[in-house]
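J.: So the sequences go chain by chain: A and B. The first sequence begins at 1001 in this note's numbering and counts up by one. The second sequence begins at 1001 in this note's numbering and counts up by one.
Keep in mind that a hint or two might mislead.
No copy is singled out in the list; a pair is fine if it fits within one copy or between any two copies.
DSBU-like cross-link-like pairs, simulated, lysine-lysine; straight-line CA separation at most 35 Å [unchecked claim]: (1) 1449 to 1344; (2) 1111 to 1553; (3) 1168 to 1517; (4) 1168 to 1555; (5) 1168 to 1516; (6) 1310 to 1287; (7) 1447 to 1137; (8) 1260 to 1449; (9) 1487 to 1516; (10) 1168 to 1553; (11) 1287 to 1111; (12) 1344 to 1555; (13) 1369 to 1137; (14) 1045 to 1344; (15) 1137 to 1553; (16) 1141 to 1553; (17) 1344 to 1360; (18) 1137 to 1076; (19) 1517 to 1547; (20) 1076 to 1447; (21) 1287 to 1309; (22) 1141 to 1322; (23) 1503 to 1344.
Think of the hints as simulated: they come from the structure by calculation, not from any bench.
Number of protein chains: 2
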Amino acid sequence: MFSALGVDYGTNSVRALVVDCATGAELGSAVVDYPSGTQGILLDKNDHHLARQSPSDYLHGLERAIRAALAQAAGKPGFSPSGLIGIGVDTTGSSPLPVDASNVPLALDPKWSRNLAAQCWLWKDHTSYQEAAEITKLAAKHRPEYIAKCGNTYSSEWFWSKIWRCLKVAPDVFDATFSWVELCDYIPSVLAGVTDPSQIKRGICAAGHKALFSDEWGGLPDREFLELLDPLLAALRDRLYDEAHDATVSAGSLCEAWAKKLGLPAGIPIAIGAFDVHFGAIGSGVKEGVLVKAIGTSTCDCAVVNAGKKIADIPGICGIVKGAILPGFYGIEAGQSAVGDIFKWWVEGVCEGNAAAHRKLEEDAAAAKPGQSGLLALDWNNGNRTILVDPLLTGLLVGQTLYTTRAEIYRALIEATAFGARAIIERIEQYGVPVTGVVCCGGIAEKNKLLMQIYADVIGSRIEIAGSSQACALGSAVVATVLAGSKKGGYDTFPEAQARMTKLNPVSYTPDPVRKKTYDELYRIYRQLHDAFGGQTGAVPLGSVMKDLIQLKQKVSA
Amino acid sequence: MFSALGVDYGTNSVRALVVDCATGAELGSAVVDYPSGTQGILLDKNDHHLARQSPSDYLHGLERAIRAALAQAAGKPGFSPSGLIGIGVDTTGSSPLPVDASNVPLALDPKWSRNLAAQCWLWKDHTSYQEAAEITKLAAKHRPEYIAKCGNTYSSEWFWSKIWRCLKVAPDVFDATFSWVELCDYIPSVLAGVTDPSQIKRGICAAGHKALFSDEWGGLPDREFLELLDPLLAALRDRLYDEAHDATVSAGSLCEAWAKKLGLPAGIPIAIGAFDVHFGAIGSGVKEGVLVKAIGTSTCDCAVVNAGKKIADIPGICGIVKGAILPGFYGIEAGQSAVGDIFKWWVEGVCEGNAAAHRKLEEDAAAAKPGQSGLLALDWNNGNRTILVDPLLTGLLVGQTLYTTRAEIYRALIEATAFGARAIIERIEQYGVPVTGVVCCGGIAEKNKLLMQIYADVIGSRIEIAGSSQACALGSAVVATVLAGSKKGGYDTFPEAQARMTKLNPVSYTPDPVRKKTYDELYRIYRQLHDAFGGQTGAVPLGSVMKDLIQLKQKVSA
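Build out the structure end to end from the sequences listed, making use of the hints.
T.: Following this line, the structure appears as structure tokens:
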């Protein structure tokens, strides 16, 4: 039996998954929570924009998760470590971390281990919003082509914003850093035993989506542009990289040291790393016309368009990068800054409820009809990633009476995220990217039936669920299997590999025409609030918002 | 010892208070909760606008509360029932109830006792918002003078809206009704043994503020106008009243039957009834220049201006009625539709907390600085009474992040009600009514120190607290004492009676200049939202709201 290993770094934990290359069947799986901070995240109570992670948590989790998954696989008939033909890695991103000249994270040095700036700057860290705005401004003036493919807005969640911020607020950390590495490039480099940052194989997914890397302008932003930001960033450029690769290239092979730690033979090929959702899209069966939505703490939407076609720049979209998902295709990324995180905030943070309370809320919320609560929310508690690209936006709830319940607010928050999802689909369709099907993956998509039905009703399209609960890790395994190729027991193409190794869940959600009609009306009001508070348009008349919600409430309650 | 009895009908309970006429000192006091419905209110789960009350609860409470208060007073040296020189009554309003030709509430007849339309239509019932809008429209066209003194808007909380609504939705109840009586007129008529509705002495407070009664146009609205609403309302006019009285007139004297029930001598003079807050203003020492705010489930603001002066019509104010508070003065009434109710909704309804949880929230909220949460709310969960006069408006909360706490939201809701209070004061000052001092009364004013300090900081004025916890009942007793006059052991003028019988609490609240400055900035943003969602102006640009709140947050946190 040939098998492949996928490793998936999420926001709160890391998963390892061993799958059968013939069927995609799970042979072993393990999850390890990051031990540090609040659910694995290092926070600053004076700045809710800050979110860092400890690199030692990553290494701790890497070893334990893989060993546990392999131990489980070892019990399966036919499995043998010698049949493991490849390792794939996906992570959150943009989550860059500073390393020294030996490719060791600064944070592992006791000198820096307690310095928040020396940790990994987690994707959801929004401290660098001023830097992002400045990069957007400078690029618009001097290098408009740099940001044309990422919706004309550079984000505070991305590589250069974060590094520039570090340079400003923690110059000592910046000075001590040799290079900055995306987590998705760092983990493969660790497994491959890379001890020189210049030897790290960087992936086009992170480079193209977050670091303004493109062959069109010869790689990373040029020195002249970076000097406009800070001469020290221009100097850093030389210690970064000139090439970035898609999934046809290998990141190296398993080194002796990690082979020993993991109980595996050395030399197993390691795939180029990418972001979780990009490989999750592969594990969910992404192909042209199918939008894959990974619904987790935040949401990421992925679509692919054949690279032979001409593709328009799409305002407000996170990025369009050739090879970022499937080789030979443009990968299109969009997303919402918070989805599961908003529900978690409401249920655990405000209502102080546990898992049982969450189920009760879902039950109560499911009993209501769309529009019946008279509530409407904006899903911006963590800013808006797509289509407004503004990390400073905040949440809003309107329509409360003296009888509004926590379950009604919970439902309004789900609906808000569904409206945000619809805004993304409408935007990419408007620019010529067809969306004929939607496949959702992630725990929320599998477990929260109310949410999925609301998404189907709001989006107005049938929604499928990925067949694997670990679509990202499975996608990483698929990438590793294709990298190995048919001669080594894998596959030579992605469609072949996806056909054999991925499947859909038998459960799917079909829009109800009556609910969809109500949601069309609510979505119109949502867009009024969205445009007014998003500042996209000038003055939007909002005097009718509360009345329109009441009218809708009366109509649906009648 | 001469004593007086004040009876105060609140939203959830009735209180009786026996006081010493020489000092205002409390001799006996008792509260009886209304037994029916949800905390005394009959609700309809399909219509959150509906709020009714059972007249039998009123009678049940009247007897028990007075007997218990008298029993307590009986233990005090010098007290004797024969020294009781008067009875005053105040109630919520506009709370009209339908009675038959014998002045018996329809709801006491088993035939109607379960019919919600046959009950008392509690002040906070907002079911008749369409009727209110129609009355406003017709008056603006045909009788602009009718609504010039009530801010050019007739409210869904008021007499004619409610009766017209009853006629539309429950014509059988309307047909069976001989007359409609405000609760504040009904209770004195019960005590006086009035069995013919045409003999009820109606008070100018309810008549002038809620029923469009004015001597300027010969009493109630004329038949021709009422016919525009419905000919049946024009016919009802004949069974209502032609005269309405201020506190110089008596409503009758204690009848034999009720004297027996209460254990009092028959014949004690009963004062004209008025709304709770109007008499509460008297009990709090209202005089020209002093605004009295009664802070309870909702808030009512009262001011007086010498009737010898010319007074402008004030847009958005509930009413300006000569004699409604003190004889010889215009009474000005304004208010917020929900204050305590909003906190109750948040703490009990959403957070599902008890009294201890409420104290914890107050503690946590008190630890924060103004502006620090980045939150801003509109205080419209029960509509907006002053200055927008729109019962359909709903609540709004903006600025939530993933770290927003329930205590921060609680504080934002308090601040929202403070901003609403400031909007009222600014409006009446703008129209020439001086506000040189503010006196607050009610349980919230006495107990919630955080709220009072926020009010002082937001309003920017020192705030005093009424000396009596039962300012309304005390005010009713003061009115009864002045009605009795000095010859019977009372006083001949209100200033004399107020000087002897009312006092201020030693605790008062002074604005902090730093906090006031932050609140000035927050109030500016509040008004942006207020004007936009209140629909008073056309399109208001709101794109900066979330950013302005974040900037303020950063400034105050620095």
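J.: Determine for every hint whether it applies to the structure shown.
T.: Hint-by-hint comparison with the structure:
Proximity of residue 1449 and residue 1344 under a CA criterion of 35 Å is satisfied in both settings, with 16 Å inside one chain copy and 32 Å between copies. In the homo-oligomer, the alpha carbons of residue 1111 and residue 1553 lie at most 35 Å apart only across protomers (33 Å), although the nearest pairing inside one protomer, at 60 Å, exceeds that limit. Taking the closest pair of Cα atoms, residue 1168 and residue 1517 come within 35 Å of each other only across two copies (31 Å); inside a single copy the shortest separation is 50 Å, beyond that limit. Proximity of residue 1168 to residue 1555 under the C-alpha cut-off of 35 Å is restricted to the inter-copy arrangement: shortest distance 20 Å between copies versus 55 Å within a copy.
Taking CA atoms no more than 35 Å apart as the test, residue 1168 paired with residue 1516 passes between copies only; the shortest distance there is 34 Å, against 49 Å inside one copy. In the homo-oligomer, the alpha carbons of residue 1310 and residue 1287 lie at most 35 Å apart inside one protomer (17 Å), although the nearest pairing across protomers, at 78 Å, exceeds that limit. With identical chains, the CA atoms of residue 1447 and residue 1137 are never at most 35 Å apart, being 42 Å at best within one copy and 52 Å at best between copies. Proximity of residue 1260 and residue 1449 under a CA criterion of 35 Å is satisfied in neither setting, with 43 Å inside one chain copy and 65 Å between copies.
Taking the shortest alpha-carbon separations for residue 1487 and residue 1516, neither the intra-copy value of 50 Å nor the inter-copy value of 75 Å comes in at or below 35 Å. Taking identical chains as interchangeable, the C-alpha atoms of residue 1168 and residue 1553 lie at most 35 Å apart only when they sit on different chains, with a minimum of 21 Å there against 51 Å within one chain. Proximity of residue 1287 to residue 1111 under the C-alpha cut-off of 35 Å is found in neither arrangement, the shortest distances being 47 Å within a copy and 70 Å between copies. For a Cα distance limit of 35 Å, the shortest separation of residue 1344 from residue 1555 qualifies both inside one copy, at 31 Å, and across copies, at 29 Å.
In this assembly of identical chains, the alpha carbons of residue 1369 and residue 1137 lie at most 35 Å apart only when taken from different copies (34 Å versus 45 Å within one copy). In this homomeric assembly, residue 1045 and residue 1344 come within 35 Å of each other (Cα to Cα) both inside a single copy, at 18 Å, and across copies, at 29 Å. Taking the closest pair of Cα atoms, residue 1137 and residue 1553 come within 35 Å of each other only across two copies (25 Å); inside a single copy the shortest separation is 43 Å, beyond that limit. In this assembly of identical chains, residue 1141 and residue 1553 lie within 35 Å of each other by CA distance solely across copies; the values are 31 Å between and 48 Å within a copy.
For the homomeric pair residue 1344 and residue 1360, the shortest alpha-carbon distances inside one copy (14 Å) and between copies (22 Å) are both at most 35 Å. Proximity of residue 1137 to residue 1076 under the C-alpha cut-off of 35 Å is found in neither arrangement, the shortest distances being 56 Å within a copy and 79 Å between copies. Within a single copy, residue 1517 and residue 1547 get their C-alpha atoms as close as 18 Å, and across copies as close as 34 Å, so both meet the 35 Å cut-off. Taking the shortest Cα distances, residue 1076 and residue 1447 sit within 35 Å of each other inside one copy (27 Å), while across copies they are farther apart (68 Å).
In this homomeric assembly, residue 1287 and residue 1309 come within 35 Å of each other (Cα to Cα) only inside a single copy, at 15 Å, whereas the closest approach across copies is 80 Å. For a Cα distance limit of 35 Å, the shortest separation of residue 1141 from residue 1322 inside one copy, 25 Å, qualifies, whereas the shortest one across copies, 67 Å, does not. Taking identical chains as interchangeable, the C-alpha atoms of residue 1503 and residue 1344 lie at most 35 Å apart only when both belong to the same chain, with a minimum of 29 Å there against 50 Å between chains.
Comparing the model with each numbered hint stated earlier shows that hints 7, 8, 9, 11 and 18 do not hold.
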